[in-house]
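We have chain A already, so just place chains B, C and D on it with the hints.
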Amino acid sequence: MVNNMIDVKGFLKGGGFIQPIWVFVIVITVFFSFMSDYFLSVGNLTNILVQTSTIGLIALGMTYVMINGNIDLSVGAILGLAASLSVGLQDYGLAVAVIAALASGLIIGAINGLIVWKTGVNAFIVTLGAMIGVRGLIFVYTEEQSFYATNFAFSDFGAATIGPFPLLAIIFLVCALVMHLVLKKTGHGRNTFAVGGNAEAALDAGIRIGRHMTINFIIVGFFAALAGVLLATQMGAATPNLGRDYELWTITAVVLGGTKLTGGYGSITGTLGGVLAIGILRNGMNMMQVPAFYVLVILGVILISVLIIDQKLNVHASKGVSI
Amino acid sequence: MKTSASSRHFADHAGSVAPVLSLIDITKKFPGVVALNKVSFDVRPGEVHALLGENGAGKSTLMKVLAGKHQPNGGKIILEGEEKSFENPKQAKKSGIVLIHQEQSLVPEMSVAENIYLGSLPLKWGNRVDWKKLHADSTEILQRLKCSFTSRDMVSHLSIAKKQMVEIARALVFTPKVVVFDEPTASLTDHEKPVLYEIIKTLQEQGVGIVYISHRMDEIFHLSQRITVLRDGEYNGTVNTVETNEDEVTKLMIGRSLELDYASKPHDFKENMLELRHLTVDGVFEDVSFNVRKGEIVGMYGLVGAGRSEVAETVFGLRRPSAGEILLEGRAQTILSSHEAVEKGIALVPEDRKDQGLILGMNCRDNMTLSALGSVSSMGFMKTSAEKVVHDKYQSAMKIKTPSWRQKVGNLSGGNQQKIVIGKWLHTHPKLLILDEPTRGIDVGSKAEIHALIKELARSGYAVLVISSEMPEVLGVSNRIIAMYDGRITAEFDGDAVSEDELVQAITGQVTKAPRAAAVTTDDAAAP
Amino acid sequence: MFKKSTLAASIFMAFATTAFADGPYKIGITQNNVGVDSYQTTYESAFEEAAEANDNVEVVILDAGGDVARQIGQVNNLIQQRVDAIIIWPTNGQAVIPAIRQAHRAGIPVIVTNSKIAEAGLEFIAAFSGPDNVQQGISSAEMMCDALDGEGRIVQIAGQPGYTTAMERSQGFEERLAEACPGVELVETQPGDWNREKAQRVMENFLTKYDDIDGVYAGDDNMGVGALNAAKGAERAEGMVFIGATNFAVGYEAIERGEYYGSIYQSPVDDAEAALQTALDILAGKKVPKMNFFETPKITAANIGEFEKPVF
Amino acid sequence: MATAEQGNNRLMFGGVSKSGLLSFLSAQGILIFFLLSMVVFSFFSEQFLSQSNIMTVVRQASIIGIIAVGVTVVIIGGNLDLSVGSMLSFATVLVVDLHDKVGPTTAIILMFALTLLVGAINGFLVGFMRLNSLIVTLAMLSAIQGGILIYSGGQNVDIANQDSTWFSVFGRGYVAGIAVPVVIFAVLAIIVQIVMSYTSYGRRIFAVGGNPVAAVYSGIRKNWCVFSTYLISAFCVACAALVLGSRVMGSQNNVGQGYELLVLAGIILGGTSLLGGAGSIWKTVIGVLILGFIQNGLLLMGYPYYTQWLVTWVIIILAVWLDLANKRKRLLTTHS
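Top to bottom, those sequences are chains A, B, C and D. Just so you know, this note's numbering puts the end of the first sequence at 323, numbered straight through with nothing missing. Just so you know, this note's numbering puts the end of the second sequence at 1528, numbered straight through with nothing missing. Just so you know, this note's numbering puts the end of the third sequence at 2312, numbered straight through with nothing missing. Just so you know, this note's numbering puts the end of the fourth sequence at 3336, numbered straight through with nothing missing.
Isolated chain A, as found in the complex (with noise of 0.2 Å):
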């Protein structure tokens, strides 16, 4: 789809086309916007931004990941771990125990990214693995209790704004702008397609490529420990069973957002866009009371019909055999 895009658009500069995640965000930001008053409002959008950041944080180091052609269960988790580090440590200092829930996250991620490196086994078991067993690590830790910030500090910091701008929302978009330029304009980026596009190319020309493959399972660790922290700043809390299925709505928005899943292909524009997406679906049919009921039914339609659309754009454009 996107490469139909190009094509169409030539070699215009580097973001001349519109990537379709995001024809798709504006028709529904239209949409909603006809069916409640309050959906186009400033403090909506924010609302909205601020949601979809903890999905969002996530989605930018996962972007990196699956580009590789691999995959993370195990963020929902680490998440989870992080935002009970980050309350449970605060005896020892709010920096302590934030510096404690963010290095967590780094070592889950490198523990995931030694083993897909040093076992050769593919990142989808061994991060399932790690998915159910840093839950138990969870709930070992916590005792199956949930843990609140004593002071209101932390949780004010959640609830901070720089102008009329929440500074959730703020730290989102200044990491989507970093993951993007890290991923276009230097050589960890440029690497990071080359692994997954074509490992054995990248091997022989000298990318280490396990070792480049844990880099960015640590940096998608350290995206949902970050997650994690500034989630638990919203709650001033932090609940065993937090990040639950959190992985499941990362992935569908990163492949939302064009990211394709044998590796080789994505950008974090897209994955912006696929956040953003399902944000706003939630977000609008929140505004137009769509039963909760309802809700599910609809997010799971409008993703295969996503998938459907995609795949007869990128079939019309390859013109390959049908198999």
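No lab work stands behind these hints, which were simulated from the structure alone. Hints are supplied without guarantee of correctness; some may be wrong.
Below, simulated DSSO-like cross-link-like pairs (lysine-lysine); rule was C-alpha separation at most 30 Å, straight line [stated by the list, open to error]:
hint	chain 1	residue 1	chain 2	residue 2
1	C	K2309	D	K3101
2	A	K184	A	K118
3	B	K1393	A	K312
The following residues of chain D were derived to be distant from chain A, with all beta-carbon distances above 12 Å [to be verified]:
hint	residue
4	L3031
5	L3036
6	L3049
7	Q3051
8	M3055
9	G3103
10	T3106
11	L3116
12	M3129
13	S3142
14	V3187
15	V3195
16	G3258
17	L3269
18	V3314
Now the in silico label distances, taken between C-beta atoms and shown as ranges [what the hints assert, rightly or not]:
hint	chain 1	residue 1	chain 2	residue 2	range
19	B	K1132	D	V3314	49 to 55 Å
20	D	A3113	B	N1088	55 to 61 Å
21	B	H1157	A	I26	24 to 30 Å
22	D	A3113	A	I26	37 to 43 Å
23	C	P2182	D	S3050	37 to 43 Å
24	B	F1381	C	D2212	50 to 56 Å
25	D	Q3051	A	D156	57 to 63 Å
26	C	G2183	D	M3038	36 to 42 Å
27	B	A1397	D	G3177	53 to 59 Å
28	A	L40	C	F2294	38 to 44 Å
29	C	D2212	D	G3177	20 to 26 Å
30	C	R2082	D	A3113	55 to 61 Å
31	D	G3258	A	F152	53 to 59 Å
32	D	Y3303	C	D2212	28 to 34 Å
Just so it is clear, CB atoms sit at the ideal spot from N, CA and C, and this is done for glycine as well.
Quick look at chains B, C and D alone, frame taken from chain A:
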């Protein structure tokens, strides 16, 4: 048995120029097998040194040792008088040894420049890519190679030949001292080869030593100064090209001389088996009309991308025709799937053995019976004994070398893999056999056997369509030759009365002869 | 707010249930996890009905699907829509406090329903309306003492870990049991996650592990009936005392049959109506106590006639 | 020439016999681990090896096991099915709700029909539309869950007269002293294993999973094969729903939540690669049993239930470490 030394000419090692690279007594062991046993080899600056041997003889292993992909268990690599050991391909590359791969080793969703500098992108502080320098340097290399594309083009948009150029461009990043070409022409068509030869010549003039691996004798004799032959992982002699001939080299390679039966093409044609009338798939090929009779071999010749495989895929039910007709034995057919094609007696030996032809993780027997499971099962249950009978039948008929039916086909050599694909299709008892590049990447021995088999099949009544990019192959087996260019049939020739020039012109769009529609049904002139 | 345009009506006909009132009060509610069990579902429909019956109320009904983060987002959305009051059924007693505090700061009164929030948040809420879960635990402990005559070994199947209702019921039960009848020993507690099948599995493991179980306390009847199923399957239900909470229809029937000793009668309809009424009282400027508990009496075979069979 | 080939084959054979030995060892490794953990557990808990405990564990594992049998077929065919959790809820709610309305026989027939219909939707989207199975079944997971809630209005469903319906046989009955769920599990596992190993259908599924392109070029109706694997998966889910509904005699709307992961964990523990084209039902049966015994053993030893998750993680890492056959391969290739 490997001493056919009587006819062996040892090359003059005391040549005037010292070798730029010498491999001395290289030994490489894999668990359970010695892949290379004390193999020595050298290249002089400005020389093309051909490395020959059957699949499995150890050529690729030797080159992988040279390029740092494998580490040898014994022996020395001496580059410009200095002993070297490479831990990875990048080190080898930095020392000036570059391997140009048989398989495309490019990253599709990256620009040409990024591919050329893969793994060694010029960086500024903060790990940032220095795009200016990257494109300037790449453009400079591309100009040296007289490439028609720019450094900013996406590799996924390039033709196969241009991709090959990118691979070669990559070799020039570090001033190379030795360049290894591993089957560089496998994916090139005849008219693209001269460009490659030109590049090799330029490199030679710059004093680069060239190692050239190929199965194609004509290329080797055209390009090389010396030929070294490996057999069973052992050094089997080096000869000066001018002092030898194809027969001698073949003997060195396989221990006997080949007797090719180019003369005995089939000649007893019967009624039409396949007939295409104005067949079109929008945007892929247009107005394709020709016929194949029972007992006849029709060759289809053209460049990669001319639409040949796509015609075959359409006949096999994998593409939907947007116009035109497919007739089998005179009756119009709609073939909606490969399954229907098989039921109608069509067999397709596909172009890409590993991706399209075989389930590599399955054993020989299971692959062999895969297209006709009904014949080896009853009530849906497999009859393993019947399966084994089928396997043994084709194994002995086609001399497939496998230790047992349990062997995974992924572990067989290319020639034997191809025979299994053919055996699989013969077992469906087809009436029309389409072979797409039946001998690509297969050593000479197996190649000749497959050619003989094709003719034998036609003689026994099969209608055979052979798609090939290799002129000798097309000329050698076909009764009639159909030339395709850019999705259209440009000409049709008598297989025994066509010149190479005519063929080349037809497939490069230099003639625009209207397809001979009349020939489709009744023209017997094509018959000898 | 849901607009009654034809397009919307045609797309989402199925749920055009919201009151179209001219009254001034717009009340938003964010529920915990509708659909996870019948109690919450019945609560929701009772709430809708109550709101519909009152011309003075317009409601925005949201469901957090059990996800704390989503509930916080919904509270923010409600603040954004400038509702007059927010009713929250907390997914977690602690994590929702900052969101409640934000609503409080925005001048929107917050009513917590069904399940309490932690002490730290009490200053930000206008009122709590719901059952007294600690008291329910205490009542269950007293029933257990009566049933066992102060002597025996029992197991507990608790609700979802981390969930306030579960913790309060356990706490009330355990503390009261220890002081009312020290002769009854609580040998093990495992969570059943409000899930009958899970509870059944947990009970099966208990039955294997312990040869002598005299009684079972379950965090709700759904789990209690699961435990009863397991005991019946192992043919050990005879003489075993089952006590639950939040009387479900299956539990009611089991009490009628004499297989189940007792439970706590808690009506989601009462719960919903009380929450709405509390909100309306606050909006009307009435003085409302911080804690509003509605009646949740014990129900056993002895007094079952006094109660209607629950609809869920 | 012959020697060249043989040299080649020797090389390959080395590889084959080695990986054969390794995969043999890894299969044994997981079995050895299984037996060892049984011994350890039995030291710490007297009841662990008692007949009643073993029967309890196997009976509890049978629901996951029944589903895992079907999902293994989908995985061998080269796809994933994450929708089984929601599908289990769907089928259980359906059969329990319909039981009192139309009678057990009709309820069971309707439940099987509708569950197979949902499986057919999965199969259509993955098989014929050729969409990525991970995302499709993820979307279906959400859509089906919503569908159940809409159907039931979010209410629990119950069977009124639990003691007087023959429906109870599926979850609570015994055949020759063996619990019916276990019998269903065993029978399904044996039948599916036979189908996969000894029929032309099974051969086609392995081919499609091993190399979908080559399967099509061999004249195999790949789309139908993929489609059919989802029907098998749905059929197994329906059987599991029969057991679950009958065991509980009621159902919550989210009763199957999380089953998809437990099922996958069991399959992975058994050692079936997620790449397709390889695997077996036996491995899955062993994997599911390991999962069940770990859970039970840790509970009997008095550890909190969540410690089993940590242990599962460690075992998955150990199991995959042994399974070097899948080295350096990627999952999640789309077939389009």
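Exercise. Which hint numbers does the structure go against, in order from smallest to largest?
Worked result: Numbers 3, 12, 13, 16, 17, 18, 23, 30, 31 and 32, in rising order.
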